[in-house]
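Going by the numbering used here, the first residue of the sequence shown is number 571, and it counts up by one from there.
Each hint should be verified, as a subset may be incorrect.
[As the list claims (entries may be wrong)] Derived DSS-like pairs: lysine-lysine, alpha-carbon spacing no greater than 25 angstroms straight-line:
| # | residue 1 | residue 2 |
| --- | --- | --- |
| 1 | Lys634 | Lys609 |
| 2 | Lys696 | Lys634 |
| 3 | Lys688 | Lys611 |
| 4 | Lys609 | Lys693 |
| 5 | Lys640 | Lys608 |
| 6 | Lys644 | Lys608 |
| 7 | Lys609 | Lys644 |
| 8 | Lys604 | Lys619 |
| 9 | Lys763 | Lys688 |
| 10 | Lys646 | Lys634 |
| 11 | Lys609 | Lys619 |
| 12 | Lys619 | Lys640 |
| 13 | Lys820 | Lys851 |
| 14 | Lys688 | Lys640 |
| 15 | Lys693 | Lys640 |
Because the hints were derived from the structure by calculation, they are not lab data.
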Amino acid sequence: MTTSTAKDSIGSDSVRLYLSEIGQVPLLTADEEKDLGKKIKAGLVAQAKLNSLDGDLSFAERRKLQRTAKDGEKAKDHMVRANLRLVVSVARRYDRKELQLADLIQEGNIGLMHAADKYDYEKGFKFSTYATWWIRQSMTRALADQGRNIRIPGHMMEVVNRVQRAERDLTAELGRMPTPEEVALRSSLTVEKLLDIMQLAIPTTSLDAPVGYNTDDLTVGDTIADSDENDPISSTERSQLREAVERTLKDLPEREQEIVAMRFGIGQFDRIYTLEEVAEKMRVTRERVRQIEQKTLARLRHPHSNNNLRSFLDEE
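Please build the complete structure, drawing on both the sequences and the hints.
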């Protein structure tokens, strides 16, 4: 019989091999992303014409459309392969008790391929921003099938609930998964705001957290490209946000500070600690750690407690 530990080890090895393979694919520049977007769109249009007008096309017209459709498929494959690390970064943010990391990645890859088909480069969105919507959709459906409830930050609960209601209603009405544009319209949001909100609604993790099980020194940060390395403004804002979070924690009792910092990889803690690890360190039960964590987070969400963070929240 294969033990649970042995299964985890096998799964870890396969994930490590996969991450090594996708890490060899260069990330796209903005111009490359736009060029691939054009080819994908042209390929889809060409394929649609082939499907509907095949009998009415001349040999030359058919060959031209076939070449364009083939180029579109190649462009889609390139776009997807260059963004596989994005799927891993989203998958790692969810607790994987119900679904192993490899299963979540597989679900997310389906969403990524769907995003490549739907992406409209002319609307000015970065592909990664748009793709995160579809990746999240695929993963959350899989998690929902397993009865998994996804925790959402309190200050976003109302608008996220509104978006999720719109998703459900549109899915029932249209008989398919709605696009971000359709959900944004139904939710009375701009598409930009919708995409930002749903990215923020994804649980976060420390970039130093390990990827998968028994993957040695491989971390989440190793799987994510530094898209802002040439953007000093974004870097400064991220630094200021981290400082604001740490200032907010300092307003809490020392015991609560340490528990929250360990659970979210903040301050002196360079990784996320499990409930069991925190409980052992603090010499309390796992359930007591969970209770303190929930009480502390509720306090942080209170309007009087998050003044340090308010300037970073995009209020409507």
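Going down the list of hints, with the structure as the test:
{"no.": "1", "hint": "Lys634 <-> Lys609", "result": "holds, 14 angstroms"}
{"no.": "2", "hint": "Lys696 <-> Lys634", "result": "violated, 30 angstroms"}
{"no.": "3", "hint": "Lys688 <-> Lys611", "result": "holds, 9 angstroms"}
{"no.": "4", "hint": "Lys609 <-> Lys693", "result": "holds, 15 angstroms"}
{"no.": "5", "hint": "Lys640 <-> Lys608", "result": "holds, 13 angstroms"}
{"no.": "6", "hint": "Lys644 <-> Lys608", "result": "holds, 12 angstroms"}
{"no.": "7", "hint": "Lys609 <-> Lys644", "result": "holds, 9 angstroms"}
{"no.": "8", "hint": "Lys604 <-> Lys619", "result": "holds, 23 angstroms"}
{"no.": "9", "hint": "Lys763 <-> Lys688", "result": "holds, 18 angstroms"}
{"no.": "10", "hint": "Lys646 <-> Lys634", "result": "holds, 18 angstroms"}
{"no.": "11", "hint": "Lys609 <-> Lys619", "result": "holds, 15 angstroms"}
{"no.": "12", "hint": "Lys619 <-> Lys640", "result": "holds, 13 angstroms"}
{"no.": "13", "hint": "Lys820 <-> Lys851", "result": "holds, 20 angstroms"}
{"no.": "14", "hint": "Lys688 <-> Lys640", "result": "holds, 17 angstroms"}
{"no.": "15", "hint": "Lys693 <-> Lys640", "result": "holds, 24 angstroms"}
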